[in-house]
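*Asks:* With the hints as a guide, bring both chains together as one complex.
Protein sequence lines, in the order shown, are assigned to chains F and D. Going left to right, the first sequence walks through residues 1 to 324 as full-length UniProt numbering numbers them. Going left to right, the second sequence walks through residues 1 to 313 as full-length UniProt numbering numbers them.
Don't read these hints as lab results, they were simulated from the structure. All C-beta atoms in this analysis are idealised placements derived from N, C-alpha and C, irrespective of residue type, glycine included. Do not take every clue at face value.
Okay, derived cross-link-like pairs now, DSS-like style, lysine-lysine, Cα gap no bigger than 30 Å in a straight line [stated by the list, open to error]: (1) D:304 - F:229; (2) F:26 - D:121; (3) F:195 - F:239; (4) F:282 - D:245; (5) F:27 - D:121; (6) D:304 - F:239; (7) D:300 - F:239; (8) D:186 - F:27; (9) F:239 - F:127; (10) D:186 - F:26; (11) F:195 - D:304; (12) F:127 - D:304; (13) F:316 - D:121; (14) F:239 - F:229; (15) F:81 - F:64.
Footprint (simulated), chain D over chain F, 3 or more residues, beta carbon under 8 Å [to be verified]: (16) 18-31; (17) 222-235.
Derived list of chain F stretches under chain D, where covered just means 3 residues or more per stretch with a C-beta under 8 Å from a C-beta of chain D [stated by the list, open to error]: (18) 53-66; (19) 120-128; (20) 136-148; (21) 202-213; (22) 273-286; (23) 293-299.
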Amino acid sequence: MDKNTVPALSRPAADKEPGRMRLFFKKLGQQRALAVMSVPFLIWLFVFKYLPLWGWSIAFQDYKPARKFMEQTWIGFEHFKFLFGDDRFLRVLRNTLAMSSINLFFGFVTAITLALLLNEIRNIAFKRVVQTVSYLPHFISWVVAASIIQTTLSPDGTINQLLVGLGFLDRGNEILFLGIPEYFWTIFGASSVWKDIGWNTIVYLAAMTTIDPTQYEAAEIDGANRFKKMIYVTLPGIKSVVIVLLIMNIGYLLESGFEPQYLLGNGMNVDYSENIDIFVLKYGIAQSNFSLSIAAGMFKTVVSFILLFMANNAAKRMGEARLY
Amino acid sequence: METAAVHKKKRKPPISSSTGDRLFVICNYCFMIALMIVTLYPFVNVLAVSLNNAQDSIKGGIYLLPREWTLANYNYILREATIFHATFISVLRTVIGTVVTVFCSAMLAYTLSRQDYVLRKFITVAFIMTMYFNGGLIPNYLLIRDMGLVGSFWVYILPGIIGVFNLIIIRSFIENLPESIIESAKIDGAGDYRTFFSIILPLTVPVLATVALFSGVFQWNSWFDVFLYNSSDASLSTLQYELQKILQNSNTTTGTSSLDGMIQGATGGQQNAVTPMSVRATMTIVASVPIIMVYPFLQKYFVKGMMVGGVKG
Numbered sequence: 001m002d003k004n005t006v007p008a009l010s011r012p013a014a015d016k017e018p019g020r021m022r023l024f025f026k027k028l029g030q031q032r033a034l035a036v037m038s039v040p041f042l043i044w045l046f047v048f049k050y051l052p053l054w055g056w057s058i059a060f061q062d063y064k065p066a067r068k069f070m071e072q073t074w075i076g077f078e079h080f081k082f083l084f085g086d087d088r089f090l091r092v093l094r095n096t097l098a099m100s101s102i103n104l105f106f107g108f109v110t111a112i113t114l115a116l117l118l119n120e121i122r123n124i125a126f127k128r129v130v131q132t133v134s135y136l137p138h139f140i141s142w143v144v145a146a147s148i149i150q151t152t153l154s155p156d157g158t159i160n161q162l163l164v165g166l167g168f169l170d171r172g173n174e175i176l177f178l179g180i181p182e183y184f185w186t187i188f189g190a191s192s193v194w195k196d197i198g199w200n201t202i203v204y205l206a207a208m209t210t211i212d213p214t215q216y217e218a219a220e221i222d223g224a225n226r227f228k229k230m231i232y233v234t235l236p237g238i239k240s241v242v243i244v245l246l247i248m249n250i251g252y253l254l255e256s257g258f259e260p261q262y263l264l265g266n267g268m269n270v271d272y273s274e275n276i277d278i279f280v281l282k283y284g285i286a287q288s289n290f291s292l293s294i295a296a297g298m299f300k301t302v303v304s305f306i307l308l309f310m311a312n313n314a315a316k317r318m319g320e321a322r323l324y
Numbered sequence: 001m002e003t004a005a006v007h008k009k010k011r012k013p014p015i016s017s018s019t020g021d022r023l024f025v026i027c028n029y030c031f032m033i034a035l036m037i038v039t040l041y042p043f044v045n046v047l048a049v050s051l052n053n054a055q056d057s058i059k060g061g062i063y064l065l066p067r068e069w070t071l072a073n074y075n076y077i078l079r080e081a082t083i084f085h086a087t088f089i090s091v092l093r094t095v096i097g098t099v100v101t102v103f104c105s106a107m108l109a110y111t112l113s114r115q116d117y118v119l120r121k122f123i124t125v126a127f128i129m130t131m132y133f134n135g136g137l138i139p140n141y142l143l144i145r146d147m148g149l150v151g152s153f154w155v156y157i158l159p160g161i162i163g164v165f166n167l168i169i170i171r172s173f174i175e176n177l178p179e180s181i182i183e184s185a186k187i188d189g190a191g192d193y194r195t196f197f198s199i200i201l202p203l204t205v206p207v208l209a210t211v212a213l214f215s216g217v218f219q220w221n222s223w224f225d226v227f228l229y230n231s232s233d234a235s236l237s238t239l240q241y242e243l244q245k246i247l248q249n250s251n252t253t254t255g256t257s258s259l260d261g262m263i264q265g266a267t268g269g270q271q272n273a274v275t276p277m278s279v280r281a282t283m284t285i286v287a288s289v290p291i292i293m294v295y296p297f298l299q300k301y302f303v304k305g306m307m308v309g310g311v312k313g
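Excised from the complex, chain D in its bound form (with noise of 0.2 Å):
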C-alpha cells in the first residue's frame, strides 16, 4: 500500500502511460471483479434460495434473486427447536471460549514479554514445541475421555484455551510498546497485576481485537469436537454440526440436494412448507452471517497481526 502512495505522490502525468499499461490495467480490473463474482456469487445465489419459496426453489433457476419471496424458511429455522437450541449453544461458545482464549493469552504473552521472568525461556520453548507436534486425534481423544469432559459444554473451551500464534501476536505486540510505559509504571508502584490490568490490557486492544476474531471465528466454525465427543447429546450440538448432517445426509443419498428423511420428518405437520434444499440454505446463511458482519471492521487489526506472525515472527 505504500508503494501505491509514493507512486501517487509523484504525480505522473496519466498521458504518459502507453497503450500497453492501459490494456494492463483494464484488464486487471476486469480480473479483480470476475474475482469479486466468484467468490461472491455463490453466497448471493445461496441468499436468494433462503429467501425464496421453498417449493418454487425445487423448480431449479434461482439465480441473484428471489422469484417468491417468503421469510418462511427463517421462520422455521427460529420455531424448530434442535436448530434454534444449537445456535444458542453456538453463541454461548463463541462468546465464552473467545473471552476466556483472550484473557489468558494476554496474561501469559504479558509475563512472557517481561525480559527479566527467570521462567520466560521455559516456557516459551515449551508452547513453541508444541506447533511442531500434537498427540493426534486417539490420543487426545483418550485423554478428554479419561478427564470426564465427553458430554460436557466444558470440552468446547478448555482445550483451545491457548495458542501459539495467538501468543506469540501478542507477545511482539507487548514487546513493541514503549519501554518507558512499563518503566513509570513501576516507579509509580504499581505491581505485576496493576500494570498487566491497567496498563497492558488496554494498550493492547488492537492486538486483542486480533486475537478476539481467530478465536471467535474459531469457535463460531467449530463442528468436529461437537461430532467427536457431544455426537450422542443433542443438547450440545452447535449450528454448524446441525449443518454438517444435513450435509453429509444428502452426501450419501445422491449428492443432489433431494428430499431427506429427517427435514421430511420434522416438518410433517405443516406439510411441504421448506424443503432440505431452503433449510440447507437458511442455515448456510445463519451460520455465515455474523462472521460477514464482524469480520470487515477487525480487517485493519488482523492484516497487522498476520504480518508480524507470517513475516517476523
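So here's chain F without its partners, still in its complex pose (with noise of 0.2 Å):
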C-alpha cells in the first residue's frame, strides 16, 4: 500500500527534488527484503487500527443500519448533546472517574509500600517466593478472578465467616457484599490492588537496584535506623520514577477498565459498577443503538487522547522515560 501511495502523492516534489526521492527508491529497493518483513504488518495495522476510525462518522449520524453511507442522516453533535443531558451517562462518567481515581491512588500507595518493604528483605530466597507469589494474580483471568471474589465475599464465603467468627456479624446477618451498590468501589479497588500489587512492584524494585550505595552507608553514618534509611533513601532515590507514572497514569483517567466491573456487576450495584465502557457495550451490543453508543466511545477515546498527549509530554519536559 505504501509503495503505491507514495509516489503518486508527492510527483511535484519528487520533481523538485529528484535526488531525494530517487535515493529513497533506490533505498528500499536494497532494502526489498526488510521491506517484505514488514510491509505485510503495516497494511494488517491500518486495516486493524486505523480504519476503525471511519466508524466515527456514525457518531454524527442518525445511523440506520439497512441505509448505505451516503443515503444516512447527518446530524451533527446531537447524539453528543444527548450524552451531556442523560442522567444515566452523567453517572457512568461519574463512575469511571471515581473508580480510575481509586485504582490510580491504591494502586501507586500499595505498590510503592510493597516496593519498599520488599526491598528491606535480605533472605533472598524468602524475598523470591513472596514476588512469586505476588505476581500470581496479575496472570489469572478477570474471570477466574472474579469467581473466587464472588465466592469470597458471599453470604457463607470467607469475610462473612471472619465477621461472624471475630463477632462483628451475628450468624444469619451475613452481608451480600456485592448486592450494596456503596460497597462496589471499595470492592474494585480492593480486587484490584490484590490482583496487581505484586506485579506493580516490579518497575520501583528495578528502579530502587539504581540508587548509589553510598548513600546508604552515608545515612548509617549519620545514625539513621532501617526505617529512617527507607524512608530517606529509598523513597526519594525512586521518586523520579513514582513521578512519571503518576503523570502517564493520569492520561488513563478514563479508562477504568472493563472486565472487573462487567463481572462484578449486578443488577443490585449498577449504580455505582456501571462505566462508560459497560454503557458503550449496553447501547451498541445490546440494543444496537450504534451512534449512541459509538459518541460514548468517541468521547472516551477523545479525551483520553488529549490527556495522554499532555501527560506523556509533561513526563518528556522532565527529561524522564516516557510512553515509548
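*Replies:* As C-alpha cells, then:
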C-alpha cells in the first residue's frame, strides 16, 4: 500500500528534488527483504487499527443499519448533546472517574509500600518466594478472579465467616457485599490491588537497584536506622520514576477497565458499577444503538488522547522516561 | 536486588542492629507472610472445594483441605462434551496465537531495529500512534463483521497479531545486541532473511519467552471476543467463556452459589453427582493451573522485559 501511494502523492515534490526521491526508492529496492518483512504488518495495522476510525462518522449520523453510507442523515453533535443531558451517562461518567481515581491512588500507594518493604528483605530466597506469589493474581484472568472474589464475598464466604467468627456480625445477618451498591467501589479497589500489587512493584524494585549504595552508608554514619533509611534514602531514590508513572497514569483517567466491573457488576449494584465501557457495550451491542454508543466511546477516546498526549509531554519535559 | 547484595558484602555484624531494626524486620516478615496468605488462600480454598464431594461442599466449612476427597468433579468436566471442547479451543487459540504473535513481532521488530531501513521511522510512528487511540468497541465490531470474521476461529488470532508493547521490548533487546554480530553476518554474505532466522531469532529467545508468556496468558484468559463475536457458535466457545457464563448465571440469581439451571439440566442423568458450586470451583482450577505452572519459570525474563518497557522505554 505504501509503495503505491507515496509516488502518486509526492510527484510534484519529486520533480523538485529528484535526487532524494530516487535515493529513497533505490534504498528501498536494496532493502526489499526488510520491506517484505515489515510492509504486510503496516497493512495489517492500517486495516485493524486505523480503518475502524471511519466508524466514528456514525456518531454524527442518525444511523440506520439498512442504509448505505451516503443515504444516512447527518445530525451533527445531537448524540453528544443527548449524552451530556442524560442522567445515566453522567452517572456512568462519575463511576468511571471515581473508579479510575481509586485505582490510581491505591494502586500507587500499595505498590510503592510493598516495593519498599520487599527491598528491606535480606533473605533472597524468601524475597523470591514472596515476589513469585505476589505476581500470581496478575496472570489469572478476571473471570477466574471474579469467580474467586464472588465466592469470598458471598454470604457463606470467607469474609462473612471471618466477621461472624470475630463477633462483628451475628450468624444469620451475613452481608451480601456485592448487593450493596455503595460497597462496589471499595470492592473494586480492593480487588484491583489484590490482583496487581505484586506486578506493579517490578518497576519500583528495578528503580531501587539504581540507587547509589554510598547514600545508604552516609545515612548509616549519620545514625539512621533501617526504617529511616527506607524513608529518607530509598523513597527519594525512586521519586522520579514514581512521578513519571503518576503523570502517565493520569492519561488513563477515563480507562477504568471493563472486565472487573462487568464481571462483578449485577442488577443491584449497577448504579455504582456501570462505567463508560459497559455503557458503550449495553447501548451498542444489546440495544444496537450504534450512534449513541459510538459517541460515548469516541468521547472517551478523544479525552484520553488529549490527556495522554499532555501527560507524555509533561513527562518528556521532565527529562525522564516516557511512554515510548 | 543489587542493593541487597551490596549490603550483604559489607558483612555488618548482626549484633549492631538496634531493637527498632529488629522489630521492623519481624513486622516486615509477618506482613509478607500475611500478604502471601491473602493471595494464596482463595486459590487453596477453591482447590479444596474442587477436590471435595459436591454434596458435602454445600454444607460449607471447607477451608484448606477437602473433607471427602473425590475426583468426581474433574471426571465430570472431562466427560462433559461442551467443557471439554471449550478447553480444546482454548488450547488451540493459545498455541496458534502465541506462535503467530511471537514470530510476527520478532520479524517486524528486527526490521525496525535496523537503523538504515528507510521505512523505519514511518512504521514505528504508525504503530506508536495506536497507543493513544483506538476505534472503540462498536467500530471494531463493525469492521470484524464486515470482514466476515464473525463466527470464525481467526477472529481470535488476526486482530491481535502485533502488540506495540511487545514490539518495543523486542526491538530494544535487538538494539542492545552487540553490533558486531550482525556486521559479521553481513560480511559472511548473509542476507536479511538469513540474519533474522539464523542469528536474530536464536539470540532473542529470552525476550521472545517474555512475549510468548504475555501473549499466551492473554489468549488463554480471553473471553470477551468469544462473547462478542462467537457467542452463538458453541463449537468456538472457550473455557474462560464457559466459566464466565456460569459466573453470570449465579450473579443474576442471588449472588450466592445456588443451584443454577444449566448445570442441573446437564447433570440430569447422574443426579446430584456435581453441583454448580463444585463445577465452578473445578473449572476455576482448570482455567488457572496452566498459568500457575508456567509463569514462575519465566519470572527472570518477564521482570527484565517489564523493566525495559516500563522504565527505559
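*Asks:* So which of the earlier hints does this model not fit?
*Replies:* Nothing - there is no hint that the structure violates, so all of them hold.
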